[in-house]
Every structure is written in C-alpha cells, then in structure tokens.
Amino acid sequence: MLSDADLAAIWLTLKLATTVTLLLMILGTPLAYWLAKTRSWWKGPVSALVTLPLVLPPTVLGFYLLIFMGPQGPLGQLTESLGLGTLPFTFPGLVIASLLYSLPFVVQPIQNAIEAQGQRPAEVAATLRAGPWDSFWHVTLPLAKPGLVTAAVLGFAHTVGEFGVILMIGGNIPGVTKVVSIQIYDHVEALEYTQAHWLSAAMLIFSFSVLLALYVLQRRRAAGGWRYGP
Amino acid sequence: MDPSSIKRPAGNQVNHLATPPAATNSIDGRFYLPFTRGRQQTDFFLDVDFSIPGSGVTGIFGPSGSGKTTLLRCIAGLQPCAQSHLRVNGETWQSANPGAATLPVHKRPIGYVFQQPSLFPHLSVEGNLTFARKRATQPVNAENYDEIVQLMDLSGLLDARPESLSGGEQQRVAIARALLVKPQLLLMDEPLAALDLARKRDILPYLEKLHQSLDIPILYVSHSVDEIARLADHLLLMGDGRIRESGAAPALLSRTDFPVQLGDDLGVLLEADVIERDTQWNLLRARFDGGDLWLRDSGEAPGERIRIRVLARDVSLTRTEDTDSSILNRLPMRVVDITADRDPAMVLVRMSPRATSVSDNSGIITARVTCRSQDALALAAGEEVWAQIKSVAIVR
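Chain order of the listed sequences is V and W.
Reading the first sequence from the start, the letters are residues 0 to 229 in numbering that gives the first Met the number 0.
Reading the second sequence from the start, the letters are residues 0 to 395 in numbering that gives the first Met the number 0.
Hints in this document: simulated from the structure, not taken from any laboratory.
Here the structure is a predicted model, which means the values were calculated and not measured.
A few of these clues could be false.
As the list claims (entries may be wrong) - Subject to a maximum C-alpha distance of 25 Å in a straight line, what follows is the list of computed BS3-like cross-link-like pairs (lysine-lysine):
no. : chain 1 : residue 1 : chain 2 : residue 2
1   : W       : Lys106    : W       : Lys133
2   : W       : Lys181    : W       : Lys133
3   : W       : Lys181    : W       : Lys106
4   : V       : Lys36     : V       : Lys144
5   : V       : Lys144    : W       : Lys133
6   : V       : Lys36     : W       : Lys106
Using the sequences and the hints, build the whole thing.
Below, the structure is given as structure tokens:
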C-alpha cells in the first residue's frame, strides 16, 4: 500500500496546508475586510493582484517567485543578509509560494460574505455604541462565519492540490518539499502505477469529501456565498 | 471644500422657535449636504436649521424623499455631514468650527430604531439585548433591564432566534435594544412602516407607553398623519430636504394651509379633558376650548387629558341647530375663513367657537363641504353656523 516515502509526503502536505491556511486566515481576513469596505482607488488594482493566481499558469507564478527569492532577487538578498540562506527548495519557501497561490480562494469568500452583509449591521452596532474594533469582532466576523469556513476549507484543499508552483519552487526533496502531488508525479515517471493509484485515490476521496462537506454546509445555511470553486 | 463657495438657495426661511444657542433643554442643529454631480454642485439633499425642545416626542413629518431619514442619520452621525453643527441639551456633538471634533456614532448617547428591525441574526433575542446592555452609557442594573423587557413585553421571547419572530415582535426587540443603551436621545426612523396595519395597531400602544415612561427626547420620523397625531408633541415638517414648518403638533396639524398635502387626513387635533362618564350609554364627555364633545367610552377616567382628532370630512354644517339629527355633537361656531380645497368641488371652512373671539386660535374646527353647500347656506367669514361632528377619534 503506502510506502514510508508516501506517508512522509502526506505528512508534509498536511503540514504545509495547515500552516498556509492558518496564515492565510490571519492575513486574508483583514485584506478581505478592507476590500469589502473600501471606496479607495486602490481597490481595483489590489483586487486584480489578489485574483491573479487564479488565471496565471502556476509555472509563471513559480518562475517569478524563483527569481524573487533566488540569490539575485530582492527577497533572496534580504534573507541571505539575515543569514537565513535563500528560500527556494525549503519548506518556508513553499509556504510563501502557497500563500500567494491560495490567496484568492481565501480572500474571495470572506470578502463576499462581508459585502453581502451590507452597511446595516455595522451601522446598528455603531448606534449600540460598539466602536469599529468591537464591531469587527462581535458583528462583522460572526456574521461572516459561513464565508470564513468556506475560505478555510478552500484554502486548505487548494494548497493540498498544488503542483506547478511547488515543482518550480520546491523541487522534490523528500521530507522537505516533496508533497503528495509531486510524489504521484514521481511514481508515474518511475512507472510505479500501483503506488500512483493508491495516492491518487486518496487525493480523490479527500478532495471529494471536503467539497461534499462544504456544499452540505452551504445548503444548511445559505449565507455568505463564494464565487470561485477549485 | 470651501464653504463660502456654496451658494445657499434663496427663499429658505425657516420658522423655528427662537432659542438661545446655549439652551440646555433643546436640540439645535444645522446640516447641509450638497448634492454634487461630477464637480458641479447642483442642489442640496438636505439644508436644514432647526431648534426643537429637548424633551417629549418631536415628529419629523413629510412625504417620501423629503429628507426625513437623512436628517435622522445626520443627527445620529451615520451620515457624514461636513459644515454642520449639532447641540443636544447643551452638549456639542458636532461643530462647524474648523478643528472641532465630531463625535463618532458609537460615542453619541443615542438609541436608534431603524425602519427594518435589523436584529443581529447571529444572536438570540437576549443576546441582542445584552449586546446593547454591555455597551450602555451607564450601567443597566437588573431592575432597569427587567423594566425595559416588560415595557416591550418580551419576557416570553428572550430565548428565541430573531428570524422566528414576527415583524412586530422583532421591532419591539429592536426598540428595547435601543433603550438598553440608556440613550439621551432616541431616534426612530419609521419604526412602523415595514409592518402591516394589524401589527401597527399592536405596537402603537408600546410607543405610547414609551412616551409616557421616558423622560428623554424622542425624534420620530413618519409619513403617517395617524402616528404623528398620536405620538408627537412637536412637529418638524419637511419637504425637498428643507424644513417647511416647526411648531407644536396640535396647532400645526390643525392648519388648513398645512404645507404637506393631507387630503382625507386633513382635520384638527384637539386637547381635551374627560369630565364625565355616561355608563348608561357608554359615552364620555370631554371638554375642549370650543365646548363639550361626546365620545365613545374607551375607558378613560374623568380628569384625564386626551388628544382627539376631528377630520374635516366628518364635519357638516347647518344654519340652525338640527335637533332631530342622530349626530350627537352639535357645536355653535362662527366661520373664521373659507379656503379652496385641492378638489375644485370642495372648500375648507375654519370655525371658532362663538364664545371665543376670532383672533383666538383655540378650539378651531375645520369642515370640508361642497362649494354648492357653501353657496346654498351663504357661508362667509363671520357667519354663525352649527357644526355637526359625525365622528371623533381619541388618538391618545
């Protein structure tokens, strides 16, 4: 069935997806809130940037990240001057790449859920003497809960399903950057079809279960929709 | 934006009570919201300057689109409005002086009831009430809390989810929630407009109780004459973003030259004292400035002050007293003036009681009669007539 290398790949994938999802919820929620509420001129450009990973081939994103994080790139020079080495082919490098890649899947559902609330809940909260911060925590976020759940599930699932960017940034170092999708690719390359079958079936069942759970959840409380599927 | 560049439209005289700016028992405000299309300043959404009593219910009345809600939102701070000032009972909330801080919405001691109940759907009824209680201007003890819950009759609903309540129940929760912040000013934006007639009848008594039990000023926006007649002590009349008239509600609502078209709702509002109960015929006798009126007994005790409304269409005129009529209320009056109605077949006849002088405006009753009757009875100012009043409604 699953070899140790396969299990290591699964473990690494789960670790990556969990880290990325947590970070994205922390970073993506304020960004989504800003996008939902702002009337600034910057809304357009920022929205376009956030959505870019949806339409860009992963190889393009991966290529630019490789340059950016490499020894000649600005981030690479920064990390080297801090004595951290360069990020490509490391786990933190994968996390950064995945953050960008999965960003729209987290930001969009939260933004939609906040936009769907309209102005009224925040206005009511203000007339009940809740300041902006109080109102954000006790009204906006609880009302956006379905959107937050959708965002977390999509962010996690999409990171698990990542391949192109990881191939460009991480290569296939076992235990460090070799995630399930890469492991499957390697099995197929090596004509280990049985192994590839097991892992692929596991991915298929995982993805289907996650989406099924999500849709059942969405049906139960029809609020805070989301626009993009994986 | 340079304020001096804004050209104020002419003909914007406002009748308001002359109140010194330092008055501590009044609400004085000045708001204008320029309406800009591109860079061109075309008009004003709102251009108002008012001073209203700092207690009792002030009705803000006017047709849809006259700026009532916008005015209320400005007072709450929900609508940002530069170049404006607002003083509530001696405290400045907003000032046109450069550098003066504008109190943000959440720091204004207001309660706001929206047209839609707008309860938080993620909280139970009790959760909604607690949300307000925790953030109140001063601590709300258990006794205060129970009092408000009882006032709005919510004891049985505390565990319910907002979406399981009827519209009327939701609005009662919203009113209780607004009261629980212990506001110094209660703003109500057509709280009954989203409800059907039966629900309105359910909730109006609660609003009247509110009026009696609260000593804070209430601003009540409505386009319903009925609600205003029942609730308001003072009235701001709005049209096209301006204040057309301001004054005591009974006097203003009794005018035939009411600036807002009332149609069938035109009539007078009278304050009267119950002086007698006739248990044999289930009637009440109430005395107003123009004499006594018999009303259907609806439980008021002698000595109680009531507010009654006599619609102009319910008043007919005779030259001599018609003693074999089924109409109970026949009053000897003298015609003050006759004005044209919007309907070319009708005129409006204003009459004062014969006992009082014409210059005195008290006890005036208005009748809406046909031009033909006016001619047949030779009605003119100064003539003596009998007013037959077909129905009288106690509004409060």
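Practice prompt. Output the numbers, in ascending order, of every earlier hint that fails for this structure.
Written response: none
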